[in-house]
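Peer 1: Note that the protein sequences, when read in sequence, are chains Z and L. According to this note's numbering, the first sequence holds residues 1 to 489 in order. According to this note's numbering, the second sequence holds residues 490 to 978 in order.
Heads up, a few of these hints could be off.
What the hints assert, rightly or not - Label-pair ranges, simulated between beta-carbon atoms: (1) T215(Z) x R789(L): 37 to 43 Å; (2) R539(L) x E377(Z): 31 to 37 Å; (3) E64(Z) x A877(L): 17 to 23 Å; (4) R300(Z) x S874(L): 56 to 62 Å; (5) N508(L) x Q20(Z): 24 to 30 Å; (6) D671(L) x T475(Z): 52 to 58 Å; (7) S385(Z) x R873(L): 34 to 40 Å; (8) R300(Z) x E728(L): 41 to 47 Å; (9) L976(L) x D35(Z): 55 to 61 Å; (10) E836(L) x A296(Z): 42 to 48 Å; (11) R873(L) x T475(Z): 53 to 59 Å; (12) T475(Z) x D814(L): 54 to 60 Å.
Quick caveat, the hints were computed from the structure, so don't treat them as lab data. C-beta atoms are modelled at their ideal positions from N, C-alpha and C, and glycine is treated no differently.
Number of protein chains: 2
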Amino acid sequence: MPAGPRSSSPRHCTGMMTNQEFRARAHELADWMADYLEGISAYPVKPGVRPGEILARLPLLPPEHGEPFDALMADFKQIILPGITHWQHPMFFGYFPANSSPPSVLAEMLTATLGAQCMSWTTSPAATELEERVMQWLRGMIGLPESWEGVIQDTASTATLCSVLTAREARSGCAVNARGFDGSERFTVYCSTEAHSSIEKAVRIAGIGRQHLRTIEVDEAYAMIPASLERAITGDIVEGHTPLAVIAALGTTGSTAVDPLGDIADICARHGLWLHVDAAYAGSALLLPEYRDLLAGIERADSFVVNPHKWMFTNFDCSAYFVKDREALLRTFEILPEYLKTAERGEANNYRDWGVQLGRRFRALKLWFVIRTYGVEGLRERLRSHCAMARGLMERIRAEGDFELLAPVPFNVLCFRYHPPGLEEPERLNTLNAELMERLNSSGLLFLTHTKLNGRTTLRLVIGQTSVEQTHVDTAWEIIRRTARELSR
Amino acid sequence: MPAGPRSSSPRHCTGMMTNQEFRARAHELADWMADYLEGISAYPVKPGVRPGEILARLPLLPPEHGEPFDALMADFKQIILPGITHWQHPMFFGYFPANSSPPSVLAEMLTATLGAQCMSWTTSPAATELEERVMQWLRGMIGLPESWEGVIQDTASTATLCSVLTAREARSGCAVNARGFDGSERFTVYCSTEAHSSIEKAVRIAGIGRQHLRTIEVDEAYAMIPASLERAITGDIVEGHTPLAVIAALGTTGSTAVDPLGDIADICARHGLWLHVDAAYAGSALLLPEYRDLLAGIERADSFVVNPHKWMFTNFDCSAYFVKDREALLRTFEILPEYLKTAERGEANNYRDWGVQLGRRFRALKLWFVIRTYGVEGLRERLRSHCAMARGLMERIRAEGDFELLAPVPFNVLCFRYHPPGLEEPERLNTLNAELMERLNSSGLLFLTHTKLNGRTTLRLVIGQTSVEQTHVDTAWEIIRRTARELSR
Chain Z
1 MPAGPRSSSP RHCTGMMTNQ EFRARAHELA DWMADYLEGI SAYPVKPGVR
51 PGEILARLPL LPPEHGEPFD ALMADFKQII LPGITHWQHP MFFGYFPANS
101 SPPSVLAEML TATLGAQCMS WTTSPAATEL EERVMQWLRG MIGLPESWEG
151 VIQDTASTAT LCSVLTAREA RSGCAVNARG FDGSERFTVY CSTEAHSSIE
201 KAVRIAGIGR QHLRTIEVDE AYAMIPASLE RAITGDIVEG HTPLAVIAAL
251 GTTGSTAVDP LGDIADICAR HGLWLHVDAA YAGSALLLPE YRDLLAGIER
301 ADSFVVNPHK WMFTNFDCSA YFVKDREALL RTFEILPEYL KTAERGEANN
351 YRDWGVQLGR RFRALKLWFV IRTYGVEGLR ERLRSHCAMA RGLMERIRAE
401 GDFELLAPVP FNVLCFRYHP PGLEEPERLN TLNAELMERL NSSGLLFLTH
451 TKLNGRTTLR LVIGQTSVEQ THVDTAWEII RRTARELSR
Chain L
490 MPAGPRSSSP RHCTGMMTNQ EFRARAHELA DWMADYLEGI SAYPVKPGVR
540 PGEILARLPL LPPEHGEPFD ALMADFKQII LPGITHWQHP MFFGYFPANS
590 SPPSVLAEML TATLGAQCMS WTTSPAATEL EERVMQWLRG MIGLPESWEG
640 VIQDTASTAT LCSVLTAREA RSGCAVNARG FDGSERFTVY CSTEAHSSIE
690 KAVRIAGIGR QHLRTIEVDE AYAMIPASLE RAITGDIVEG HTPLAVIAAL
740 GTTGSTAVDP LGDIADICAR HGLWLHVDAA YAGSALLLPE YRDLLAGIER
790 ADSFVVNPHK WMFTNFDCSA YFVKDREALL RTFEILPEYL KTAERGEANN
840 YRDWGVQLGR RFRALKLWFV IRTYGVEGLR ERLRSHCAMA RGLMERIRAE
890 GDFELLAPVP FNVLCFRYHP PGLEEPERLN TLNAELMERL NSSGLLFLTH
940 TKLNGRTTLR LVIGQTSVEQ THVDTAWEII RRTARELSR
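Work out the full structure: start from the sequences and follow the hints.
Peer 2: Dropping the structure here:
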């Protein structure tokens with residue numbers, strides 16, 4: 001048992017694992033992987049561990065000599081696995097999913113084996129060109145303008161940072177990159193009160209400052225109010241600020257509210273602001289023609305992010321970032337030290353110049369595997385079934401006398417709370433729902449998370465897991481109802 | 490053959506791949522992976538493709554309906570693989586390696602299958618606590634102060650950006666995060682002329698500006714000259730700047746030169762500057778006691794980065810970032826929206842607050858697998874063998890009349906050029922060596938890259954690949970000598 005510090009360990013090997021052993025272990029893991037995914041429902045979704053429990057079971061010191069793989073796998077199963085939150089569990093309804101799928105996992109096996117760096121065309125031509133092509137596919141699949149170009153980032157946090165930085169450089173004529181801020185730029189950035197925390201992070205990193213991020217009020221559906229946005233912009237202009245950029249949400253994190261893109265684009269056009277669309281989660285729904293009108297006005301936006309690693313069955317990390325003006329992006333990030341110069345410059349994309357990081361994984365492969373295995377229609381069917389299950393549950397929540405929906409359900413995220421008749425004190429309702437969530441998640445039977453909407457503690461239930469079916473939703477709802485009613489007794 | 494746009498594709502499936510098929514395919518890939526690594530020497534290291542060649546073979550449109558996995562694998566083998574630069578090839582001597590190893594690839598299989606998000610403790614307790622422990626292991630293994638704390642970032646680009654931002658916030662009392670730059674900060678940042686391009690990128694992103702990055706001259710070993718650093722700092726103070734941070738290289742990208750850390754730390758202490766140590770590549774050598782004196786002065790530094798994904802047999806991405814003052818890092822990046830609040834705050838690490846991105850892969854697992862499979866001594870043996878091979882080749886280059894070493898060889902990177910007697914015109918020598926590299930790389934037999942040192946085109950040969958053995962180095966050197974002499978005839 002590897003509890004406590006390890007003073008010595010049996011000498012096993014100090015060299016490499018042989019290829020013969022690697023082959024045998026890879027087959028062993030292939031079975032473990034299939035067994036895990038097949039039997040995943042048997043795990044508690046969220047583990048019942050306390051902070052520090054796993055840490056205490058891991059030796060304080062690394063082994064001096066190599067250990068056999070069997071020991072490693074035994075510890076993986078006995079120490080690590082019991083502390084894992086099972087994101088691929090069909091009863092995982094929390095946050096936004098990070099859903100994967102069999103073809104995506106298979107592609108990750110190949111990516112890991114190739115171990116290729118994808119910073120430049122030269123460092124892996126096929127990776128670069130496959131990325132170019134699958135980004136074109138995705139662009140068409142979700143209805144972005146054909147002239148836009150795409151690049152895979154790690155996360156929407158990074159994509160949004162890239163967008164804010166590109167806006168900063170486009171507006172300053174690359175002066176901030178060159179000389180830094182000198183006090184002559186007084187940029188302000190705008191998003192709704194419901195927008196994602198990564199925007200504040202980006203504004204801080206970019207040197208604009210949290211105080212210059214204006215959070216615009218939302219309507220009863222939690223969507224940005226365009227008139228309030230315009231008022232904020234004109235007010236800032238009067239006060240000598242330079243309004244720089246708006247980040248519109250196509251699906252907020254709290255309730256997947258959709259900001260009115262067309263109206264916002266009009267305002268941006270009138271005042272010369274950059275417009276970034278954060279569709280990290282709900283952007284996948286644009287695969288469905290019935291959602292396509294949400295994109296009206298996109299041709300006047302500047303950039304767009306959607307994460308196939310959230311709701312398109314592709315392993316994290318895979319964040320698809322699209323831009324109208326590639327040159328503006330390159331001017332923001334391009335660096336050309338001698339040791340990175342290659343003959344093919346100008347003839348091919350060097351994606352290291354399309355973002356923050358130099359090193360890049362071969363992330364296009366898994367997206368290619370997913371799109372081809374499902375087919376566009378297969379993806380649509382799956383997303384439609386998620387949205388249909390969400391609408392069904394919405395009706396059932398509405399029909400209950402002691403639950404209430406707290407937001408519209410445009411996609412597949414349900415925001416609701418338990419609200420037993422007669423209990424009207426806001427803080428007691430909040431506490432009750434926080435307790436309800438805690439009790440639900442502690443059961444290990446399902447996992448959901450919360451947000452606050454208008455000060456009300458809100459349970460969020462996201463029906464977007466790869467393997468979620470109606471039976472899981474039915475079971476979850478039964479557990480939620482039962483637990484809530486037990487709690488209020 | 491998927492050449493040209495696809496108008497239709499046979500209907501195969503529109504749902505998920507069954508678990509049964511996944512299992513079979515995972516086994517199929519297990520064999521492919523082992524076959525690939527076993528037979529990797531048969532591939533040309535760098536593919537002989539032209540820009541656009543792969544792209545033209547990929548259909549313009551995605552398939553409407555799902556395709557069978559066999560079709561996918563056939564295209565992977567026929568279209569993608571011929572366009573891959575084989576980074577795991579033992580004859581890959583370019584850039585810095587992105588070396589992986591069998592246990593690391595096996596761990597990636599598990600990571601991909603679990604598909605867990607590691608942004609908070611709650612979102613995967615075991616991932617968080619394993620990350621804490623393996624960072625403690627690594628900290629001890631390379632001799633960093635015990636009070637420092639570590640977090641896995643994706644790349645050294647990101648780690649260095651984190652460091653510059655933390656310096657900015659520490660120095661401004663978090664004012665830049667809060668109000669943005671208002672012209673009262675006139676920060677300057679320092680690194681050597683040989684430092685990595687990611688520093689300029691970080692200074693640009695952080696709003697400090699490229700013009701405020703001072704590149705300090707280097708000595709004949711390409712190490713920063715401390716007196717020049719101090720002169721630059723005092724000069725900037727006189728001119729009203731606020732010297733903010735120094736980035737010292739422990740192994741530059743060009744020639745793995747080591748800046749004198751102790752002297753630089755003295756200067757930083759005297760003038761109150763932040764000190765970040767970029768040991769992205771050569772930091773792995775600190776596993777060897779014989780290199781440990783390079784760290785003298787580290788206790789006065791503020792942060793340190795080493796990439797196990799370069800020279801510690803761990804798949805990209807895995808960049809280990811260590812900081813002296815955790816709170817300063819958290820103050821820079823912490824964000825706490827309602828939907829991310831969890832009960833365990835304060836009792837456990839939430840690594841999303843330790844860097845730029847919110848979403849995070851479970852990257853600790855592969856590092857744990859690598860350290861335990863090799864053992865610390867096993868890693869040391871492997872690194873020592875790389876350095877010994879490099880010293881051996883250094884002697885052979887020295888012994889040749891028509892080659893010359895262009896930099897010291899502190900680790901396992903050789904900087905040299907072909908210099909036939911009598912040819913002294915600098916530009917002709919540069920052209921000759923650029924042609925030599927092009928011819929070598931086009932052969933597919935080996936792959937190396939270049940840099941410029943003192944204006945001289947320099948071939949860089951890095952002996953750090955996981956599976957590189959003496960025979961590969963011998964062969965490479967024979968090919969280089971032969972090709973050079975054929976070229977000059």
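Peer 1: Taking the numbered hints from earlier one at a time, note which ones the structure violates and give those numbers from smallest to largest.
Peer 2: Of the numbered hints, 7, 12 do not hold.
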